[in-house]
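Asks: Given next are the chains, with one letter for each unit.
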Amino acid sequence: MVNNLKTYAVLTLVVIGLVFLGIGCTGNENSEGSSSVQETSSEGTSEAEAPAAEAQSIFLKGSDTVLPLAQAEAEEFIIEYPEKSVTVTGGGSGVGIAALIDGEVDIATASREMKAEEIEAAEANGITPVETTIAYDGITVIVNPENSVTELTFDQLRGIYNGSISNWKDVGGEDHDIVVISRDSSSGTYEYFKEEVLLEDEYRPDALTQPATGGIVSEVSQNANAIGYIGVAYLDDSVKALSLDAGEGFVAPSSENILSGEYPLARALYFYTDGEPSGLTKEFVDFVLSETGQSLVTEVGYFPVSQ
Amino acid sequence: MFNRNYKEKTIESVLFSVSALTVVILFLICLFLFRDSLLLFKDTSLMDFLTGKFWYPTSVNRQFGLLPLFFGSLIVTAGAILFAVPLGIASAIYISEIAHPKVADALKPFIEILAGIPSVVFGFFGLVILVPVVQKMFNLPTGQTALTGSIMLGIMALPTIISISEDAISSVPSTLKQGSLALGATRWQTMYKVIVPAAISGISAAVMLGIGRAIGETMTLMMVTGNTAVIPAFPEGILSPVRTMTATIALEMGEVPQGSAHFHALFAVGTVLFIITFLINLIADSIKKRYRFKVD
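Sequences listed follow chains E and B, in order.
For the first sequence, counting from 1, position 289 maps to 289 in UniProt numbering; every step adds exactly one.
For the second sequence, counting from 1, position 232 maps to 232 in UniProt numbering; every step adds exactly one.
Same shape as in the complex, but just chain E (with noise of 0.2 Å):
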């Protein structure tokens, strides 16, 4: 019993050790790399606490899209304002949306716009949505860096998506058969996708499902035939992002192209609150929407509000 419990010790002590020579290794990259960042769902909260002297804060809940730039532009108001707290966490747009319709939070991030019946349900409990874009986002599609493919038509990518393409090769390509991946349906980003590119039709029922972002960019750097939809903040040297034509000639997905419009897969993010944004809010709204603000919508990936 004596040999067993001193097994156990040394055991402990051993992994705790390794333990803290991991986090020695990466803490302090983890924390300003921009790249770094991962889309998380409502575990990946950022907590940001105010001295006690004037309790002022407020609450920011939705879209996992926003999520990273929320928490960067929170972490550099309370840098600015140390007395005000800002809390932010994830859950998808309709999480967001369902806790602003239940008065839950001040500030519902999404990335989509409001449906008509959470509008309906909103009114029907007393609050007004107010939307405020805040940035801009791009969804670009991404394939293999071995895939010989560079550039698709909408009607090819929803040839792609709904299964009546199957094979690289009617696109271009090599004769192999395309890995078809697609986020979950509680994404934004899903139902985004779903709208502009698949219009009435379904995604093909045998798609590979991922649950984040960071699984769609790990499994098509390393499949050479799968092809997968993301934000352009999450896009990396890993995988290979394709021009698309919506009817107007192919159109890369650069930043500028993006801006301009001319790019088709560009969406806006939005806060929602209840009636026009008021006291602590605002300043934080209004903080977003500084230049200081904007400068960190470019700084996480994403695209500035043009002004």
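Simulated from the structure, these hints should not be mistaken for lab results.
Zero decoy hints are in this set.
BS3-like, lysine-lysine: derived pairs with alpha carbons at most 27 Å apart:
1) 108(B) x 193(B)
2) 169(E) x 136(B)
3) 53(B) x 194(E)
4) 193(B) x 289(B)
5) 240(E) x 169(E)
6) 194(E) x 240(E)
7) 115(E) x 42(B)
8) 193(B) x 177(B)
9) 136(B) x 240(E)
10) 282(E) x 84(E)
11) 194(E) x 115(E)
Given the coordinates of chain E, assemble chain B onto it according to the supplied hints.
Replies: Using the frame of chain E, we list chain B on its own:
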């Protein structure tokens, strides 16, 4: 004297209310689960739900067919059990009967640490390491398959199976073992003719608990099985992507409008899972009772 009595009574009633509270909580959870899932059957028939072959929760003609999810869970769990049960029982026999006590003492804590690793870590390992390996080995379009899920799940179920079977094997009375050896049986014969049959109730319980863990596992499977809601073929479907019941709930609960048919459908899937786990526990219990009688 009076004081002591009073103390005793207090402790007794506190313990009673704690256990009563547990029962009440369980009852309320069931009530909540069943109520929300029953609301689905206002506009979808029970037969359509149980025998439907398509899961299109957000389409215009939405369909809530349980079969693809059910078979997804089934094939992944079956694969995991095929791989984890022989390995688990073999390790348990090795640790309790063959290994030098020092080796066994070193092995046990390692196995228990394996149980403490968060499932998201297993999932990440599977996604980054195992998925490409499976894809290359079988030359598949994607490595996110039921097989990948089964292997990860098997690894995760191993600690449960090993530690509980090991307990069962160690608690077989040594008189049985000595009797067998005294009659001239070899160590190997003693193991598989005497010790394992004598411990079979505990081993079955271990296997059942392993299945229970496998059915309920969510995070790892969501990350490595591809989440494709298509009924897998049998047995070659083990090499195709699948979606399990738990992964469906976790994937879709995030943004489903509360009170919608989709919301209730997810609760109905939860109810089916609950019933399956309940049945597994019942079976484990009855196996335990039946075999214990024989040994005593």
